[in-house]
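Trainee: Next come the chains, spelled out residue by residue.
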Amino acid sequence: MKMERTPIVSLKGISVAFDGVPVLRDFNLDLGDGEFVTLLGPSGCGKTTTLRIIGGFVRPDAGDVYFNGRRITDLPPHRREVNTIFQKYALFPHLNVYDNVAFGMRVHGKSEREIKARVGQMLNLVDLNGFEHRNVNLLSGGQQQRVAIARALANEPKVLLLDEPLGALDLKLRKDMQVELKRIQQQTGITFLFVTHDQEEALSMSDEVVVMDQGAIQQIGTPLDIYNEPKNAFVADFIGESNILDGVMREDYLVEFAGRKFRCVDRGFRPDEPVDVVLRPEDVDIVPPEGDRLTGTVINVNFKGVFYEIIVDVQGFKWMVQTTDYEKKGAHIGLSIQPDEIHVMRKSKYSGRFGDYSTFSDEMDEDLHSAAAKRGGGAE
Amino acid sequence: MRAKSASYPYLVWMVLFIVVPMALVVAFALTDRSGAFTLKNLAGVGLYSNVFLRSIWLGAIATAVSLLVGYPLAYIIAKSAGHRQGVLVMLVMLPMWMNFLLRTYAWMTLLEDSGLINRALAALGLPPAHMINTQGAVVLGMVYNYIPYMILPLYSVLTKIDPSVIEAAQDLGADAKRVFLRITLPLSMPGVISGITMVFVPAVSTFIISKMLGGGSNLLIGDLIDMQFLGSAYNPNLGSAISLVLMVLILICMGIMNQFDENGATEGGVLV
Numbered sequence: 001m002k003m004e005r006t007p008i009v010s011l012k013g014i015s016v017a018f019d020g021v022p023v024l025r026d027f028n029l030d031l032g033d034g035e036f037v038t039l040l041g042p043s044g045c046g047k048t049t050t051l052r053i054i055g056g057f058v059r060p061d062a063g064d065v066y067f068n069g070r071r072i073t074d075l076p077p078h079r080r081e082v083n084t085i086f087q088k089y090a091l092f093p094h095l096n097v098y099d100n101v102a103f104g105m106r107v108h109g110k111s112e113r114e115i116k117a118r119v120g121q122m123l124n125l126v127d128l129n130g131f132e133h134r135n136v137n138l139l140s141g142g143q144q145q146r147v148a149i150a151r152a153l154a155n156e157p158k159v160l161l162l163d164e165p166l167g168a169l170d171l172k173l174r175k176d177m178q179v180e181l182k183r184i185q186q187q188t189g190i191t192f193l194f195v196t197h198d199q200e201e202a203l204s205m206s207d208e209v210v211v212m213d214q215g216a217i218q219q220i221g222t223p224l225d226i227y228n229e230p231k232n233a234f235v236a237d238f239i240g241e242s243n244i245l246d247g248v249m250r251e252d253y254l255v256e257f258a259g260r261k262f263r264c265v266d267r268g269f270r271p272d273e274p275v276d277v278v279l280r281p282e283d284v285d286i287v288p289p290e291g292d293r294l295t296g297t298v299i300n301v302n303f304k305g306v307f308y309e310i311i312v313d314v315q316g317f318k319w320m321v322q323t324t325d326y327e328k329k330g331a332h333i334g335l336s337i338q339p340d341e342i343h344v345m346r347k348s349k350y351s352g353r354f355g356d357y358s359t360f361s362d363e364m365d366e367d368l369h370s371a372a373a374k375r376g377g378g379a380e
Numbered sequence: 001m002r003a004k005s006a007s008y009p010y011l012v013w014m015v016l017f018i019v020v021p022m023a024l025v026v027a028f029a030l031t032d033r034s035g036a037f038t039l040k041n042l043a044g045v046g047l048y049s050n051v052f053l054r055s056i057w058l059g060a061i062a063t064a065v066s067l068l069v070g071y072p073l074a075y076i077i078a079k080s081a082g083h084r085q086g087v088l089v090m091l092v093m094l095p096m097w098m099n100f101l102l103r104t105y106a107w108m109t110l111l112e113d114s115g116l117i118n119r120a121l122a123a124l125g126l127p128p129a130h131m132i133n134t135q136g137a138v139v140l141g142m143v144y145n146y147i148p149y150m151i152l153p154l155y156s157v158l159t160k161i162d163p164s165v166i167e168a169a170q171d172l173g174a175d176a177k178r179v180f181l182r183i184t185l186p187l188s189m190p191g192v193i194s195g196i197t198m199v200f201v202p203a204v205s206t207f208i209i210s211k212m213l214g215g216g217s218n219l220l221i222g223d224l225i226d227m228q229f230l231g232s233a234y235n236p237n238l239g240s241a242i243s244l245v246l247m248v249l250i251l252i253c254m255g256i257m258n259q260f261d262e263n264g265a266t267e268g269g270v271l272v
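Those protein sequences? They're chains A and B, same order as listed. Note that my numbering gives residue 149 to position 149 of the first sequence, counting from 1, and the numbers run on in steps of one. Note that my numbering gives residue 78 to position 78 of the second sequence, counting from 1, and the numbers run on in steps of one.
Treat each hint with caution, since some may be false.
Said to hold, decoys possible - Derived EDC-like pairs: lysine to aspartate or glutamate, alpha-carbon spacing no greater than 16 Å straight-line:
{"#": "1", "chain 1": "A", "residue 1": "K318", "chain 2": "A", "residue 2": "D246"}
{"#": "2", "chain 1": "A", "residue 1": "K116", "chain 2": "A", "residue 2": "D99"}
{"#": "3", "chain 1": "A", "residue 1": "K261", "chain 2": "A", "residue 2": "E251"}
{"#": "4", "chain 1": "B", "residue 1": "K211", "chain 2": "B", "residue 2": "D226"}
{"#": "5", "chain 1": "A", "residue 1": "K88", "chain 2": "B", "residue 2": "E167"}
{"#": "6", "chain 1": "A", "residue 1": "K88", "chain 2": "B", "residue 2": "D162"}
What the hints assert, rightly or not - One-sided excerpt, in silico: chain A residues whose CB lies under 10 Å from chain B:
{"#": "7", "residue": "P22"}
{"#": "8", "residue": "I72"}
{"#": "9", "residue": "T73"}
{"#": "10", "residue": "P76"}
{"#": "11", "residue": "F86"}
{"#": "12", "residue": "Q87"}
Claimed, not checked - Estimated spans, in silico, between C-beta atoms of each pair:
{"#": "13", "chain 1": "A", "residue 1": "R79", "chain 2": "B", "residue 2": "A64", "range": "32 to 38 Å"}
{"#": "14", "chain 1": "A", "residue 1": "D176", "chain 2": "B", "residue 2": "V248", "range": "55 to 61 Å"}
{"#": "15", "chain 1": "B", "residue 1": "L16", "chain 2": "A", "residue 2": "K172", "range": "25 to 31 Å"}
Derived from the structure by calculation, the hints contain no laboratory data. Backbone N, C-alpha and C fix where the C-beta goes; we use that ideal spot for every residue, glycine too.
Full structure from sequences and hints, please.
Mentor: Next comes the structure, spelled out in C-alpha cells:
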C-alpha cells in the first residue's frame, strides 16, 4: 500500500487468542481514508475478529489500534468513531424504524429537530422513505439490513465496519445490496471495512482486498492484482479457479512445467528455483494437437452457459480449461498458453494443497477450504 | 376434531375445580346462612377496609423490595459464565425446596425478642432490637418467601436478550448506563411485569407469614378469610365475600400492570 497520508485506522502487531487458540498473529493493517477495503477469507481466518478489535469488542493480547494516528486500544466501543453493521443486523426490537435510526443521535444528545432531518435523510439514502413507524421485527431481511445501514450511518462515522452484512440475504437481493452498498460508500465517502468469505463479492465491490487465512494476511491488493498476481497457492485458489502446477524457474522469463519450457513475464527468482505456476482456466487456449505442442485428453465437459468448463488430463495432472469451443469427452487436444498468461509464485506452505482438478467439484472445493480453515484453528 | 376431543378431560377438570368453586364462592358471598339472597356480606366487607389497605400496602412494599433486590441479582446471574448460571439459579431456588412453614418458623426464631439475632446483639453489648410482630417482619417474610418468583422470570428474559443488540447500542455510542436504561431495561419489561405479578398476588393474599411474623396487630386479608372459615369468627358467607372482593382487587391491579406492559412493549413486543 502506497499512502502518504496518515491511515484512518491502523492495526499494529495485533495478536489475539481465544482459549489459547491463536486467531490473529502479529497482524498489521492500514486503512486509507475513503477506501472500500474488504477482508476476505474462509471462516475461521480471523476476519471478524479483526473487525471486532477495531470496533472495540475484542481487546488484543498484544499490539495496538490507532485511529487517525491516535492510540485507541483501551477506548471502549461507545467512545470510538467507528460504527458497525452486525452480521444479523442487531436492530433494537422494542423500537420502530425511526427510533432505531435515531438511537445514536439521541445518545449523543442531538436535538429532536436535527434528528428528524437526519433520519429522513438516512431513510432516503437507503430507500426506506415512509417506513418510519414500521415495527422492525416485521421487515424483510433486506429492509432490516437497510435500517441497520441507516442507523450506523446516521452517526456520521469516519469508518463503517460491515461484518458479512449480506450473508443472510438470498442471491438476488445480495447482488442488489452489493450495488447499493457501493453506491452509498461512494456517495458518503466513508471508509468501509467489509468482511466476507465470498470472493466474487470482494472483487466486485472493493478498492482493496485483504486476503486472510489462519490469522495472517496472505495478500493485500486491488481486486485486479489479487486475481492476476496472486502471491501464493492459497490466494490463487481462493480467488477464482486456478490450475497450480509444480514448476522450476530456469532463468528470468523462462519457466519449466509439464515437462517443457515456456516463456513468461516473471523474473527475479534464483536459477532453477522450484516454483508454483498459476494458469487461469480462461487463459489456456485449445489448439490442434500438432507439432511438439503440449497435449492432453478431455476427461470431462460441463456446460456453464457462457462457456464450457472442461477437465483435461495432461500427463496425469488434471487441468481446468474454460472455453467457448465445444470439445468431446475423450478428444485429444493441444494446449497453448501465452507468456503473459503464466503467473509464477514462490513456493509457500500452501504449495501442493490446491490447484489440481482431479477430484473436482464445487462442494469439494468448499470442503477443502473449510478443512484448511480448521487446520488453521480458532474461531473467527 | 381430534385435537378438540383431546381437550375434553382438561375442560372437565377446569369446570370441576375452577369454575364450580368460583361459582360457589360467588353464591356464598351473595347468600346468608339460611341460603337467602343478600348483599349484607359484601356491605360488611367495608368494615375491613383498613385490613385491605394494609394487605395491599405491605404486598406492594414487598413486591418493590423484591424487584429492587431481585433485578440486580437476576442481571448478575444472566451475565455470569454459562456453567456458573446453573449453580446460581439453583442457589436461588434452594430455599424453595424447604417447606414454607419451616422457613417462616426459622425467621420467627431469628427475629424473636429472645431470638438468635437479639442474643447476638446482646453478646456484642448492643441494645436489643424489637423485630418480631412488626410490619417490617411481615415484609421481610414476604420478600424472603417470594423473591425467587421475581428472580426467575427476570433471569429468563435477561438471558434471552441478544448480546449483539447490546453491542449495537455500545457501538452507537451508548455508555453502560444508557445501554441499561434504553435497551436492557425496556427489553426486560415482560420479565418485570410477570415478576411483579407472581410476587404481588401471593403476598397480598398470604396469611401464614402475617400470622407468624406479624402477630395479632398486623392482620392481613388472608388472616381475615382464614378466621371466617377455620377460626372463631366462623362465617363462610362473609369469608366468601371478602375473597370475592380480594379477587376483584387483584384483577384490577393486574389490569393496570398489563396496561403498563402494553405501553412499554407494543413497539417491540417480541419478548413474551
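Trainee: What are the numbers of the hints that this structure violates, sorted from low to high?
Mentor: 7, 8, 9 and 15
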